[in-house]
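Reading the sequence shown from the start, the letters are residues 19 to 106 in this note's numbering.
These are computed hints drawn from the structure, not numbers from a lab. Idealized CB from N, CA, C, for every residue including glycine. Hints are not guaranteed to be accurate.
Have a look at the derived ranges for each label pair, beta carbon to beta carbon [stated by the list, open to error]:
(1) 103 / 76: 18 to 26 Å
(2) 96 / 46: 24 to 32 Å
(3) 72 / 106: 18 to 26 Å
(4) 95 / 52: 19 to 27 Å
(5) 37 / 66: 30 to 38 Å
(6) 66 / 102: 17 to 25 Å
(7) 38 / 70: 29 to 37 Å
(8) 37 / 89: 26 to 34 Å
(9) 46 / 106: 19 to 27 Å
(10) 91 / 70: 28 to 36 Å
(11) 38 / 79: 19 to 27 Å
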Amino acid sequence: MLVILISLLFYPSTVVSESLPYAEWAHYHMIWLHNSHTNQIDIQNMYNDYISHNIQFGIVNIDSTWATNFNTFIFDPIKFPTIRNMLD
19 MLVILISLLF
29 YPSTVVSESL
39 PYAEWAHYHM
49 IWLHNSHTNQ
59 IDIQNMYNDY
69 ISHNIQFGIV
79 NIDSTWATNF
89 NTFIFDPIKF
99 PTIRNMLD
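Build the full structure now, drawing on both the sequences and the hints.
Rendered as structure tokens:
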């Protein structure tokens with residue numbers, strides 16, 4: 019703790035970084051579906067419905083059941099057969 023305090027007092031430019039990028043998406047509505055509907059078709063339909071009704075949103079949250087298992091960080095190919103196309 020003392021080292022951090024001394025660093026801040028004597029070397030502020032080494033500790034202070036440039037400002038972070040502005041997160042515009044954080045000021046809009048966040049949308050998501052219930053876990054039982056977490057698949058590419060349902061998410062794409064929800065996305066298209068919001069767009070067709072001109073409802074602004076900042077993020078589409080694909081909840082935890084997107085992966086093959088918890089903490090694998092691999093999209094389930096059955097639920098998300100063309101995830102790269104969806105994300106692009």
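> Looking back at the hints listed earlier, which ones does the structure fail to meet?
Replying inline: none
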